[in-house]
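Spelled out from the first residue to the last, the chains are:
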Amino acid sequence: MNGKYVYFAVASLLGVLTALVSFLPFFLLSLGYLFCLAKYKRFGRLQLFTVVVTIIAYFLIGEWVEINNKTVIPASTTTFMVRYIQDPKIDGDLFEVQAYDTNFKEKLLIRYTIKSEKEKAALQRKEFYQCLCRVSGTMKKPAIAKNPNGFDYRTYLRAKKIYWIVDIQGSPLQPCTPMKFSPIILIKQLRFNGIHYLDNHFPPDIASLSAALIFGDKSLLTPDLLTSYQKTGIVHLLAISGLHVSLFIGMIFYIGIRCGLTRQFMTNFLLFTLPGYAILTGASPSVIRSTLMIFLVLLTAKRKNHLHLLPIDAISLAILIFLLFSPLVIFDVGFQLSFIVSFAIILSAPHILQRYQRNSIRMLVTSVTAQLAALPLLLYHYFELSLLGIFANLVYIPLFSFVYLPGVYLLYLSHILFGKTPTLLLGLFLKMIELSNQLIDLLGHFSFGRFIPGKPSIIMLIIYFLLIVAIFYIWEGNHYTNRSLQLLILSITLFSFQTAWNWLKPVGEVTMIDVGQGDSILIHLPHGNGNMLIDTGGAVNFVEEKWKLRSKPFEVGRDVVVPYLKGKGITKIDKLILTHGDMDHIGGAITILKELEVKQILMPSVAEPSEEELAIIQEAKKQGIPIRKVSVDDQWKSTDSEFYILSPEMNFTGERNSGSIAFVAQIGGVSWFFGGDLDQEGEERILRKSPRIAVDVLKVGHHGSKTSSAEAFIQQLKPRVALISAGENNRFGHPHQEVLDRLYETNTIIYRTDLQGAITYRFYHGKGTFSTYLP
Amino acid sequence: MVFFQQDRCLNCHMVLQPIIGWRGMVSVEKERLLCPSCEEKLERIEGDTCRICDRPLSNLDEKYHDGDICHDCIRWEEDPEWSKYLDNNYSLFLYNEFLKELIAKYKFRGDYILAKIFAVYIKEKLMEMHPDLLVPIPLSEERLYERGFNQAMALLQEAGYPTSDILSRIHSEKQSKKTRLERIHLPQVFTINSDSQLEGKRIVLVDDIYTTGSTLRHAAKLLKEAGAASIQSLTIAR
Numbered sequence: 001m002n003g004k005y006v007y008f009a010v011a012s013l014l015g016v017l018t019a020l021v022s023f024l025p026f027f028l029l030s031l032g033y034l035f036c037l038a039k040y041k042r043f044g045r046l047q048l049f050t051v052v053v054t055i056i057a058y059f060l061i062g063e064w065v066e067i068n069n070k071t072v073i074p075a076s077t078t079t080f081m082v083r084y085i086q087d088p089k090i091d092g093d094l095f096e097v098q099a100y101d102t103n104f105k106e107k108l109l110i111r112y113t114i115k116s117e118k119e120k121a122a123l124q125r126k127e128f129y130q131c132l133c134r135v136s137g138t139m140k141k142p143a144i145a146k147n148p149n150g151f152d153y154r155t156y157l158r159a160k161k162i163y164w165i166v167d168i169q170g171s172p173l174q175p176c177t178p179m180k181f182s183p184i185i186l187i188k189q190l191r192f193n194g195i196h197y198l199d200n201h202f203p204p205d206i207a208s209l210s211a212a213l214i215f216g217d218k219s220l221l222t223p224d225l226l227t228s229y230q231k232t233g234i235v236h237l238l239a240i241s242g243l244h245v246s247l248f249i250g251m252i253f254y255i256g257i258r259c260g261l262t263r264q265f266m267t268n269f270l271l272f273t274l275p276g277y278a279i280l281t282g283a284s285p286s287v288i289r290s291t292l293m294i295f296l297v298l299l300t301a302k303r304k305n306h307l308h309l310l311p312i313d314a315i316s317l318a319i320l321i322f323l324l325f326s327p328l329v330i331f332d333v334g335f336q337l338s339f340i341v342s343f344a345i346i347l348s349a350p351h352i353l354q355r356y357q358r359n360s361i362r363m364l365v366t367s368v369t370a371q372l373a374a375l376p377l378l379l380y381h382y383f384e385l386s387l388l389g390i391f392a393n394l395v396y397i398p399l400f401s402f403v404y405l406p407g408v409y410l411l412y413l414s415h416i417l418f419g420k421t422p423t424l425l426l427g428l429f430l431k432m433i434e435l436s437n438q439l440i441d442l443l444g445h446f447s448f449g450r451f452i453p454g455k456p457s458i459i460m461l462i463i464y465f466l467l468i469v470a471i472f473y474i475w476e477g478n479h480y481t482n483r484s485l486q487l488l489i490l491s492i493t494l495f496s497f498q499t500a501w502n503w504l505k506p507v508g509e510v511t512m513i514d515v516g517q518g519d520s521i522l523i524h525l526p527h528g529n530g531n532m533l534i535d536t537g538g539a540v541n542f543v544e545e546k547w548k549l550r551s552k553p554f555e556v557g558r559d560v561v562v563p564y565l566k567g568k569g570i571t572k573i574d575k576l577i578l579t580h581g582d583m584d585h586i587g588g589a590i591t592i593l594k595e596l597e598v599k600q601i602l603m604p605s606v607a608e609p610s611e612e613e614l615a616i617i618q619e620a621k622k623q624g625i626p627i628r629k630v631s632v633d634d635q636w637k638s639t640d641s642e643f644y645i646l647s648p649e650m651n652f653t654g655e656r657n658s659g660s661i662a663f664v665a666q667i668g669g670v671s672w673f674f675g676g677d678l679d680q681e682g683e684e685r686i687l688r689k690s691p692r693i694a695v696d697v698l699k700v701g702h703h704g705s706k707t708s709s710a711e712a713f714i715q716q717l718k719p720r721v722a723l724i725s726a727g728e729n730n731r732f733g734h735p736h737q738e739v740l741d742r743l744y745e746t747n748t749i750i751y752r753t754d755l756q757g758a759i760t761y762r763f764y765h766g767k768g769t770f771s772t773y774l775p
Numbered sequence: 001m002v003f004f005q006q007d008r009c010l011n012c013h014m015v016l017q018p019i020i021g022w023r024g025m026v027s028v029e030k031e032r033l034l035c036p037s038c039e040e041k042l043e044r045i046e047g048d049t050c051r052i053c054d055r056p057l058s059n060l061d062e063k064y065h066d067g068d069i070c071h072d073c074i075r076w077e078e079d080p081e082w083s084k085y086l087d088n089n090y091s092l093f094l095y096n097e098f099l100k101e102l103i104a105k106y107k108f109r110g111d112y113i114l115a116k117i118f119a120v121y122i123k124e125k126l127m128e129m130h131p132d133l134l135v136p137i138p139l140s141e142e143r144l145y146e147r148g149f150n151q152a153m154a155l156l157q158e159a160g161y162p163t164s165d166i167l168s169r170i171h172s173e174k175q176s177k178k179t180r181l182e183r184i185h186l187p188q189v190f191t192i193n194s195d196s197q198l199e200g201k202r203i204v205l206v207d208d209i210y211t212t213g214s215t216l217r218h219a220a221k222l223l224k225e226a227g228a229a230s231i232q233s234l235t236i237a238r
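First to last, the sequence lines map onto chains A and B. Going by the numbering used here, the first sequence opens with residue 1, and the numbers climb by one from there. Going by the numbering used here, the second sequence opens with residue 1, and the numbers climb by one from there.
Hints are not guaranteed to be accurate.
[Said to hold, decoys possible] Computed list of lysine to aspartate or glutamate pairs in EDC-like fashion (alpha-carbon distance at most 20 Å, straight line):
id	chain 1	residue 1	chain 2	residue 2
1	A	LYS39	B	GLU40
2	A	LYS431	A	GLU728
3	B	LYS100	B	GLU29
4	B	LYS100	B	ASP165
5	A	LYS4	B	ASP79
6	A	LYS107	A	ASP152
7	A	LYS89	A	GLU127
8	A	LYS141	A	GLU544
9	A	LYS41	B	ASP7
10	A	LYS39	B	GLU31
11	A	LYS552	A	ASP224
12	B	LYS177	B	GLU97
13	A	LYS161	A	ASP93
14	A	LYS4	B	GLU29
15	B	LYS125	B	GLU31
16	A	LYS637	A	GLU544
17	A	LYS115	A	GLU544
18	A	LYS41	B	GLU97
19	B	LYS221	B	GLU97
20	A	LYS4	B	GLU40
21	A	LYS39	B	GLU78
22	A	LYS41	B	GLU31
FYI, nobody ran anything at the bench for these hints, they're computed from the structure. Predicted, not measured: the structure shown is a model, and the values here were computed from it.
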């Protein structure tokens with residue numbers, strides 16, 4: 001059975017995927033898999049039968065979970081008896097915690113708006129376990145994605161079996177009754193107190209790093225630092241990983257033996273404490289995977305005269321056990337990355353890694369292996385990949401493994417035992433973390449070496465997987481004379497085929513991205529003929545007291561527009577058109593300038609730019625991006641597309657909306673009118689100048705406000721299609737009924753982002769169709 | 001566990017550890033017969049060898065060979081009685097201590113299954129040679145009774161090739177007990193079975209070991225005289 005468990009792990013995965021993702025493709029894949037086992041892997045009848053049973057069993061488990069993955073709580077419920085199952089997340093005035101409703105036996109996400117700074121401090125100190133609380137509030141469904149490639153919170157929570165967010169009015173801890181004690185609660189409390197101990201007794205840099213490395217809690221790290229870790233591709237070091245667990249277990253084992261305990265005792269001790277250790281470190285999928293693997297290895301090592309468990313068998317058994325208990329975990333990014341990377345390293349270890357004798361080279365090769373294996377998944381989930389990551393890992397893996405990890409334990413233990421830490425050691429450590437954080441920050445802002453080909457489709461994913469397996473296959477081979485050449489060709493293909501396809505694809509699009517209350521429209525012309533972005537969306541921030549501020553407030557540019565563009569593999573904007581200086585149109589511009597390559601910015605020629613516009617002008621100057629102030633009669637052309645500016649007049653002095661850039665364009669075989677927030681006055685000016693103007697598609701002015709879209713203007717334009725970008729239930733009541741009525745009168749088809757999500761016009765050779773993201 | 005047959009090395013009986021790696025994962029799983037450490041001890045004959053007898057020339061002193069032909073073969077070829085009968089010989093492995101032991105176990109101690117180990121290589125080589133007829137060197141009846149099987153024939157059978165029952169042995173004294181001279185000057189030890197059609201055939205003789213080449217040359221002489229177009233030979237060891 002040695003080395004064979006992997007075939008059963010694959011079978012279990014196929015079974016779960018058939019049940020949870022898509023029946024027919026994975027069913028066919030399963031049949032193909034059985035065929036291959038019989039034909040190429042010398043599987044006999046009994047063995048094949050067992051594989052079939054495995055697939056069916058896991059399929060049924062998956063189906064069972066799928067059928068039961070729905071809420072049982074009636075939508076009208078207002079009072080809930082809950083116990084809290086997680087450390088709460090407190091960010092600004094937002095309090096959020098997962099809870100378990102004891103009546104309905106279902107998980108809930110509880111949200112609460114903290115009323116005062118004093119209450120916030122009290123909640124931060126509080127333990128939330130071991131009590132049963134009665135809370136009341138209103139239930140609402142988690143938000144769904146409204147843009148392609150957008151984050152779907154509802155699906156995300158559903159995979160965690162949470163279907164409702166409850167906004168509670170009163171404090172989450174009143175009234176509560178104490179609950180029975182259980183060891184799991186004890187460990188959770190230990191974790192909570194341990195993290196708070198760190199937070200209270202150490203400088204923030206050390207506390208945050210220690211909390212991540214000792215307890216697997218990243219919440220103390222500043223969001224900016226975390227982003228830099230992510231961008232450099234070393235964020236996995238902050239998660240408790242296999243490397244980490246094995247180092248830690250190794251440390252404990254060694255200390256035990258040095259203290260005169262027997263190997264057998266230490267093995268038993270570790271077997272007994274490992275499950276607790278998994279909970280203590282947050283029980284994330286990567287923690288569970290690594291503790292499970294070590295557990296299995298230790299367990300088989302106990303059995304005398306039996307072969308010890310091969311790593312490949314340990315990881316395969318870990319998958320089998322994991323999926324048996326929670327098949328939904330296949331949707332967890334951490335689970336996917338943790339397993340695929342470990343699997344690749346295990347497969348590479350005996351031959352590829354063995355070949356490189358020098359430690360530094362071997363580490364580089366391991367790092368490359370990990371990055372290669374994670375590549376398709378990283379692109380699928382994050383749309384980008386840092387090639388710098390390979391080298392960042394080379395520096396940071398040893399730093400974390402041999403300095404930070406023992407270091408944080410040493411500092412923590414000495415503080416607990418002696419009540420303080422040696423100042424010199426603390427200072428040295430602090431300086432080191434400071435320096436390494438600065439380096440990460442620097443690397444994170446380095447745009448070189450970032451690979452952004454867009455979100456791969458299923459076919460693309462398959463191509464990626466095949467290419468990567470081929471690379472490993474050839475890399476492993478011994479007798480190739482031109483191996484380097486083949487590897488080079490495969491690698492170039494790996495990093496270029498998707499970009500090449502993006503360029504070759506003869507389809508262009510105009511998309512009104514759903515940015516809530518605001519505007520952002522992408523015009524993408526095929527074959528590299530240009531990308532234009534009209535406005536960037538942006539949220540209006542109100543001045544708040546400091547304690548109420550979120551550490552990383554929602555920002556449309558960063559959270560919606562940039563992911564949308566990166567998901568399409570768009571990294572270059574030829575023209576960024578900022579129609580006017582309002583926050584809801586240009587609030588995301590700074591992020592766009594920082595994240596993407598902008599060739600030129602178009603702004604209206606107005607006498608008094610707004611504060612936001614000035615900030616953008618400054619950032620553009622810093623980056624050397626030319627700004628063109630446009631006014632009426634300016635125009636430009638691209639292959640098959642024309643753009644002609646109708647407003648504002650040069651050096652416009654007047655109300656800001658009235659001075660919006662308005663232009664007509666010919667794109668994809670139809671004519672368009674884009675006018676930002678242009679008001680009725682501005683519309684009249686345009687009608688006076690071009691009385692015979694008519695278009696096919698109208699971007700309705702000012703989110704459908706009645707201050708725009710005058711009856712005469714609509715009647716003259718006679719658009720066949722109208723696009724309205726407005727926030728869901730926005731406080732201005734946009735779009736106004738009057739405007740909708742005027743559009744009905746001209747028999748115009750109306751598309752609205754607030755109801756339908758992103759709206760896309762996709763065209764091919766001068767013909768196209770509209771589609772909406774939500775049905 | 002009995003559920004999956006635990007494969008063991010045919011020679012040392014150690015459990016075969018699975019091959020972990022990308023190739024092992026993706027490629028067709030083959031039946032494995034020897035463990036890596038035993039397999040390592042089989043030394044393939046590679047590089048420059050004697051044109052006729054396939055003896056490796058790399059570790060042979062200059063004075064024992066003339067260009068690409070060894071002095072043994074020169075002596076055979078200079079003797080008009082033996083010249084030009086055996087066109088050339090191919091051997092798979094060096095007759096080292098390990099192989100000596102392995103072959104002894106195979107033919108003298110009757111471990112028939114070991115034929116499988118060599119069959120793979122025999123098959124590979126025969127694919128290149130395209131013979132019309134395959135002739136295993138026969139044993140005398142007495143010897144066959146003693147051993148239970150003909151080691152050369154078993155190799156061909158395991159490799160999945162048909163054998164031609166053309167030769168029979170008349171003399172039964174063991175070869176390995178004789179010196180080179182005795183062997184060379186032996187009277188013919190084989191006879192051709194009467195109804196064989198050999199005219200123009202390309203024949204490959206198969207035996208376990210090539211030592212002096214006298215057995216093979218005896219058989220070659222007989223077959224060539226009976227009209228065979230060419231005679232090559234293939235042995236496991238050299």
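Broken hints, by number: Of the numbered hints given earlier, those the structure breaks are 1, 2, 3, 4, 5, 8, 13, 16, 18, 19, 20, 21, listed in rising order.
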